[in-house]
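**Student:** Quick mapping for you: the protein sequence lines, in order, are chains A and B. Read in order, the letters of the first sequence are residues 1 to 217 in our numbering. Read in order, the letters of the second sequence are residues 1 to 538 in our numbering.
Fair warning: there could be bad hints in the mix.
Claimed, not checked - In silico lysine to any residue, SDA-like type, Cα no more than 20 Å apart, as pairs:
#1 K109(A) <-> D132(A)
#2 K109(A) <-> E126(A)
#3 K102(B) <-> Y255(B)
#4 K273(B) <-> Q56(A)
#5 K109(A) <-> V287(B)
#6 K108(A) <-> D118(A)
#7 K102(B) <-> A521(B)
#8 K273(B) <-> D118(A)
#9 K273(B) <-> L347(B)
#10 K115(A) <-> G138(A)
#11 K273(B) <-> V287(B)
#12 K102(B) <-> I516(B)
#13 K273(B) <-> R92(B)
#14 K273(B) <-> E126(A)
#15 K102(B) <-> S333(B)
#16 K109(A) <-> R275(B)
#17 K108(A) <-> V520(B)
#18 K273(B) <-> Y255(B)
#19 K109(A) <-> L119(A)
#20 K109(A) <-> A521(B)
#21 K109(A) <-> T179(B)
#22 K102(B) <-> W128(B)
#23 K108(A) <-> V286(B)
#24 K273(B) <-> R131(A)
#25 K273(B) <-> S45(A)
#26 K273(B) <-> K108(A)
#27 K108(A) <-> Q130(A)
#28 K102(B) <-> T405(B)
#29 K109(A) <-> P183(B)
#30 K109(A) <-> R92(B)
#31 K102(B) <-> S404(B)
#32 K102(B) <-> S233(B)
#33 K102(B) <-> R259(B)
#34 K273(B) <-> D132(A)
#35 K108(A) <-> G172(B)
#36 K108(A) <-> A134(A)
#37 K273(B) <-> F132(B)
#38 K115(A) <-> Q56(A)
Hints in this document: simulated from the structure, not taken from any laboratory. In this text the structure is predicted, and so the values were computed from the model without any measurement.
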Amino acid sequence: MTSGLVVERITVGYDAKPAVLVDASLTVAPGEVLALLGPSGSGKSTLLLAIAGHLQPTAGRICWDGVDIGGVPAHERHFGLVLQDPLLFPHLDVADNVAYGLRRQGDKKSVARAKAADLLAWAGLEGLDQRDVASLSGGQAQRVAVVRALAPQPRLLLLDEPFSALDAPLRQRLAADVRSQVRERGVPTLHVTHDEVEAASIADRVVRLADLAGPDV
Amino acid sequence: MTVLDEPVRTTAAPPARSKRKVRWSAAALLFLVAFLLVPLLAVVAKSFNASSLAILTQSATWRTVFLAALQGCVSTALTLLVALPVTGVLARFRVRGGGVVKALVTVPFVLPTVVIGLAVQQLLPVRWNSGFGAVVFAHVLLNMAVVVWLVGTLWEQLDPRLDMVAASLGAGPFVRFRTTTVPQLRPALFAAAALVFAYTTTSLGVVLVLGTTSTPTLELDIFRRTGILVDLSGASVVALLQLLLVGTVLGGAAYLQSRTSQQVLRRTAAPAKPRPRGAQRVGVAVVVSVTLLIVLAPLAALLVRSLRDNGSWTTSWWSGLSSLDRGTTRLASPIAALSVSARTAVLAAVMAVSVGATLAIGAIRSRSGRVIAAAGLLPLAVSAATLGLGTLLVFGRPPLDLRSTGLLVSVAHALVAVPVVLGAMVPALRSVDTRLQRVAAGLGARPVRAFITAYGTVLIRAGAAAAALAFAISLGEFGAASFLGRSGTPTLPVQIGRLLNRPGEASVGTAAALAIVLAVATAGVVLIVEQLMRVRRR
Numbered sequence: 001m002t003s004g005l006v007v008e009r010i011t012v013g014y015d016a017k018p019a020v021l022v023d024a025s026l027t028v029a030p031g032e033v034l035a036l037l038g039p040s041g042s043g044k045s046t047l048l049l050a051i052a053g054h055l056q057p058t059a060g061r062i063c064w065d066g067v068d069i070g071g072v073p074a075h076e077r078h079f080g081l082v083l084q085d086p087l088l089f090p091h092l093d094v095a096d097n098v099a100y101g102l103r104r105q106g107d108k109k110s111v112a113r114a115k116a117a118d119l120l121a122w123a124g125l126e127g128l129d130q131r132d133v134a135s136l137s138g139g140q141a142q143r144v145a146v147v148r149a150l151a152p153q154p155r156l157l158l159l160d161e162p163f164s165a166l167d168a169p170l171r172q173r174l175a176a177d178v179r180s181q182v183r184e185r186g187v188p189t190l191h192v193t194h195d196e197v198e199a200a201s202i203a204d205r206v207v208r209l210a211d212l213a214g215p216d217v
Numbered sequence: 001m002t003v004l005d006e007p008v009r010t011t012a013a014p015p016a017r018s019k020r021k022v023r024w025s026a027a028a029l030l031f032l033v034a035f036l037l038v039p040l041l042a043v044v045a046k047s048f049n050a051s052s053l054a055i056l057t058q059s060a061t062w063r064t065v066f067l068a069a070l071q072g073c074v075s076t077a078l079t080l081l082v083a084l085p086v087t088g089v090l091a092r093f094r095v096r097g098g099g100v101v102k103a104l105v106t107v108p109f110v111l112p113t114v115v116i117g118l119a120v121q122q123l124l125p126v127r128w129n130s131g132f133g134a135v136v137f138a139h140v141l142l143n144m145a146v147v148v149w150l151v152g153t154l155w156e157q158l159d160p161r162l163d164m165v166a167a168s169l170g171a172g173p174f175v176r177f178r179t180t181t182v183p184q185l186r187p188a189l190f191a192a193a194a195l196v197f198a199y200t201t202t203s204l205g206v207v208l209v210l211g212t213t214s215t216p217t218l219e220l221d222i223f224r225r226t227g228i229l230v231d232l233s234g235a236s237v238v239a240l241l242q243l244l245l246v247g248t249v250l251g252g253a254a255y256l257q258s259r260t261s262q263q264v265l266r267r268t269a270a271p272a273k274p275r276p277r278g279a280q281r282v283g284v285a286v287v288v289s290v291t292l293l294i295v296l297a298p299l300a301a302l303l304v305r306s307l308r309d310n311g312s313w314t315t316s317w318w319s320g321l322s323s324l325d326r327g328t329t330r331l332a333s334p335i336a337a338l339s340v341s342a343r344t345a346v347l348a349a350v351m352a353v354s355v356g357a358t359l360a361i362g363a364i365r366s367r368s369g370r371v372i373a374a375a376g377l378l379p380l381a382v383s384a385a386t387l388g389l390g391t392l393l394v395f396g397r398p399p400l401d402l403r404s405t406g407l408l409v410s411v412a413h414a415l416v417a418v419p420v421v422l423g424a425m426v427p428a429l430r431s432v433d434t435r436l437q438r439v440a441a442g443l444g445a446r447p448v449r450a451f452i453t454a455y456g457t458v459l460i461r462a463g464a465a466a467a468a469l470a471f472a473i474s475l476g477e478f479g480a481a482s483f484l485g486r487s488g489t490p491t492l493p494v495q496i497g498r499l500l501n502r503p504g505e506a507s508v509g510t511a512a513a514l515a516i517v518l519a520v521a522t523a524g525v526v527l528i529v530e531q532l533m534r535v536r537r538r
């Protein structure tokens with residue numbers, strides 16, 4: 001049994017069109033930060049959405065700690081997800097956004113908000129608790145999105161080009177922040193990007209999408 | 001990247017607001033004043049006096065208010081309950097035949113209310129085919145389209161990735177719906193609920209056919225006082241009471257809507273909707289079939305009625321359609337009535353969209369936007385009977401006799417359709433990133449050009465949808481048309497109404513056949529426009 005995430009030769013496609021991702025395999029070991037490099041449109045996001053449980057592979061297996069999780073719905077996988085855009089809940093303030101996952105685990109609103117405030121402070125975002133998410137800058141919003149994903153203590157963090165909408169200096173600073181945050185919390189992370197420098201700076205290990213075909217990496 | 005809906009009212013002035021736009025809004029408001037407010041004032045001025053205020057002290061009046069409001073609340077809640085599943089399914093998934101489903105759901109909304117009443121009466125077993133339950137069922141059937149169109153338009157625009165993020169945080173399907181989808185849909189839900197409440201509390205045709213003493217409405221009271229008792233002063237008091245009641249609800253909804261409309265995360269690119277898969281297929285199939293059953297069963301009952309004569313099958317109601325006017329001067333042939341209806345509806349759609357679009361633009365761009373939007377909703381609160389009577393008083397006789405031109409019916413239909421046009425266009429226009437206009441202006445576009453660049457596509461798309469709805473509403477409108485139309489050239493619904501008023505098996509059978517013709521015509525229009533819009537979207 002291999003612990004952590006094991007993706008075994010999965011093929012994913014949309015509707016009747018030819019599959020976007022064919023026969024891809026991948027492993028993320030406990031505590032590991034893995035960067036997955038590939039040009040845009042190469043199927044990186046598709047792979048990520050399949051792991052998160054939003055796309056059903058037509059072939060292959062996705063396993064966690066040796067158990068096939070193909071039939072487990074997305075909300076029971078405990079995999080955090082951060083996409084290109086922050087996608088903060090527009091009707092909730094910053095603290096309620098971060099508290100969202102904690103509330104789903106049964107925390108009372110006041111408890112969840114207090115924990116969220118602590119987490120925001122931990123991430124260097126103190127004082128933003130009651131802010132309207134529409135008033136955040138792009139960088140702030142994406143940092144909140146990362147904190148929100150980490151708050152319910154996911155088993156795995158999935159990042160899909162989370163900094164690509166930001167300008168270069170900010171991108172590097174955020175990449176460094178996220179790197180230290182996931183290290184500190186020991187969350188295994190799969191970071192998808194097309195930026196080689198970013199991949200090298202954030203990850204323990206870098207793989208290219210083109211090399212995924214076949215049994216294992 | 002994702003663009004959050006910009007706050008509509010910022011502390012800084014919205015860009016490029018010119019005096020010209022205010023003047024356009026003023027012209028549209030003038031239309032409302034001339035054809036809505038003046039007739040209303042004419043009714044009040046003609047009949048309002050101190051003694052008629054005694055109606056307000058009668059317990060029967062307040063019993064009617066209470067029962068109408070109760071019926072309206074139940075109808076509204078059930079309409080949302082029945083219509084939301086299919087709305088979500090059509091908004092979230094690419095469903096084969098989805099356009100047909102949407103068109104079919106729209107059909108009852110645009111059919112004459114008396115026809116819906118007739119259809120429900122034919123469907124339900126005798127024990128239940130009148131009274132509270134039957135009225136509510138007919139109202140749900142009628143108003144599902146309001147939810148499907150208003151809520152569906154917004155739902156389609158929600159960013160589906162937000163749902164994925166919520167799932168990754170541990171939220172199951174129902175929790176996601178409650179905590180992320182519903183809060184974002186709130187402005188459209190408020191608008192739809194308010195509209196349905198307004199329609200059902202002021203219902204006339206349905207109540208006339210299916211009602212009992214447990215389902216009075218103020219509209220029915222106005223209708224009786226105007227038409228039967230000729231108590232115009234009493235009617236005007238009741239009309240004002242209704243205006244107040246419905247106006248309060250609509251105003252409250254508009255206020256809630258303006259407070260929540262910024263809290264929506266809209267999709268920027270439009271990736272193809274996914275086809276349902278796995279268990280979703282079953283859910284989609286169940287929702288679509290139950291919806292179609294609710295919509296089609298009454299229409300099927302109507303179709304059966306048009307083919308039955310005293311317990312045996314017959315085609316005589318259909319074959320008799322072409323010779324309908326034999327022996328009477330009041331009934332034109334169905335073909336003639338259909339062409340009168342179509343002509344009236346085209347004019348009404350053009351007027352409703354011109355006025356509605358202008359008001360919608362004014363509502364989102366000018367400082368007095370909330371006032372303009374509220375003014376556009378006013379026709380909802382005014383009953384067809386009141387409007388028809390007032391219009392006749394002002395424009396139906398010299399020196400201003402517009403009745404002989406045949407225009408008045410179109411004008412009245414345009415007024416009835418303006419609130420729906422606003423409902424379709426305001427949310428769509430609000431979704432436009434206002435910065436686009438600044439960008440265009442920055443590239444050297446003149447104000448008008450910049451406006452078209454930013455809003456053109458949305459205006460055409462939402463305008464086409466609104467025009468189709470206005471056209472369909474006019475095709476099926478009964479109350480105002482029977483007040484204002486010329487007797488020699490009735491519209492199709494008026495002709496159906498006249499048939500239902502005549503005793504006899506033949507009348508009901510022929511009315512049922514005509515209603516089927518109207519249903520097919522309306523569904524066709526809606527379907528064609530749906531297709532046109534889909535082509536434009538690519």
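**Student:** Now tell me, hint by hint, if it's right for this structure.
**Tutor:** Cross-check of the supplied hints:
Distance check on the hinted pair: K109(A) and D132(A) sit about 18 Å apart at the alpha-carbon level, within 20 Å; holds. As the CA atoms of K109(A) and E126(A) are separated by approximately 19 Å, the hinted pair is consistent with the 20 Å bound. Distance restraint check for K102(B) and Y255(B): the Cα-Cα separation of roughly 29 Å exceeds the 20 Å cut-off, and the hinted pair is therefore not satisfied. About 16 Å separates the Cα atoms of K273(B) and Q56(A), which keeps this hinted pair within 20 Å; it holds.
Taking the CA atoms of K109(A) and V287(B), the gap is about 34 Å. The hint is violated against a cut of 20 Å. The hinted pair formed by K108(A) and D118(A) meets the criterion: a straight-line CA distance of about 15 Å does not exceed 20 Å. At roughly 15 Å between alpha-carbon atoms, K102(B) and A521(B) fall within 20 Å of each other, so this suggested pair holds. Of the pairs offered as hints, the one joining K273(B) and D118(A) is violated, with about 39 Å between alpha carbons and a cut-off of 20 Å exceeded.
With a C-alpha separation of about 35 Å, the suggested pairing of K273(B) with L347(B) is violated against the 20 Å cut-off. Restraint check: the Cα-Cα separation between K115(A) and G138(A) comes to about 23 Å, which exceeds 20 Å; the hinted pair is violated. For the proposed pair K273(B) and V287(B), the alpha carbon gap of about 18 Å is at most 20 Å, so the pair holds. This hinted pair checks out: K102(B) and I516(B) have alpha carbons roughly 18 Å apart, not beyond 20 Å.
Between K273(B) and R92(B), the direct Cα distance comes to roughly 6 Å. Compliance with the 20 Å bound is thereby established for this hinted pair. Pair hint K273(B) plus E126(A) does not hold up; C-alpha atoms about 39 Å apart against a cutoff of 20 Å. For the suggested pair K102(B) and S333(B), the alpha carbons sit about 31 Å apart, so the restraint of at most 20 Å is broken. Only pairs whose Cα atoms come within 20 Å are accepted, and K109(A) paired with R275(B) is rejected, the gap being roughly 36 Å.
The hinted pair formed by K108(A) and V520(B) fails the criterion: a straight-line CA distance of about 54 Å is larger than 20 Å. The suggested pairing of K273(B) with Y255(B) is violated, with an alpha-carbon distance near 32 Å, which exceeds 20 Å. Among the hinted pairs, K109(A) with L119(A) is consistent with the structure: their alpha-carbon atoms are about 15 Å apart, no more than 20 Å. Of the pairs offered as hints, the one joining K109(A) and A521(B) is violated, with about 53 Å between alpha carbons and a cut-off of 20 Å exceeded.
Taken as a hint, the K109(A) and T179(B) pair is honoured in the structure, with Cα atoms around 13 Å apart against an allowance of 20 Å. Annotation: proposed proximity of K102(B) to W128(B) is violated, straight-line Cα distance about 28 Å (limit 20 Å). This hinted pair does not check out: K108(A) and V286(B) have alpha carbons roughly 36 Å apart, beyond 20 Å. Using a Cα cut-off of 20 Å, the hinted pair K273(B) and R131(A) is violated, with the two alpha carbons roughly 33 Å apart.
For the hint pairing K273(B) with S45(A), the CA-to-CA distance comes to about 17 Å; that is within 20 Å, so the pair holds. Taking the CA atoms of K273(B) and K108(A), the gap is near 36 Å; set against the 20 Å cutoff, the hint is violated. The straight-line distance between the Cα atoms of K108(A) and Q130(A) is roughly 18 Å, inside the 20 Å bound, and the hint therefore holds. Pair hint K102(B) plus T405(B) does not hold up; C-alpha atoms about 35 Å apart against a cutoff of 20 Å.
A C-alpha spacing of about 17 Å is found between K109(A) and P183(B), which places the hinted pair at or below 20 Å, so the restraint holds. The hinted pair formed by K109(A) and R92(B) fails the criterion: a straight-line CA distance of about 30 Å is larger than 20 Å. The straight-line distance between the Cα atoms of K102(B) and S404(B) is roughly 37 Å, outside the 20 Å bound, and the hint therefore fails. A C-alpha spacing of about 43 Å is found between K102(B) and S233(B), which places the hinted pair above 20 Å, so the restraint is violated.
At roughly 29 Å between alpha-carbon atoms, K102(B) and R259(B) are farther apart than 20 Å, so this suggested pair is violated. Between the alpha carbons of K273(B) and D132(A) the distance comes to roughly 30 Å, so the proposed pair goes past 20 Å and is violated. Distance hint between K108(A) and G172(B) is fulfilled; the C-alpha atoms sit about 18 Å from each other, no more than 20 Å. For the suggested pair K108(A) and A134(A), the alpha carbons sit about 25 Å apart, so the restraint of at most 20 Å is broken.
Taking the CA atoms of K273(B) and F132(B), the gap is near 40 Å; set against the 20 Å cutoff, the hint is violated. A hinted pair counts as satisfied when its Cα atoms are at most 20 Å apart, and K115(A) with Q56(A) does not qualify at roughly 34 Å.
Taken one by one, the earlier hints fail for this structure at numbers 3, 5, 8, 9, 10, 14, 15, 16, 17, 18, 20, 22, 23, 24, 26, 28, 30, 31, 32, 33, 34, 36, 37 and 38, listed in ascending order.
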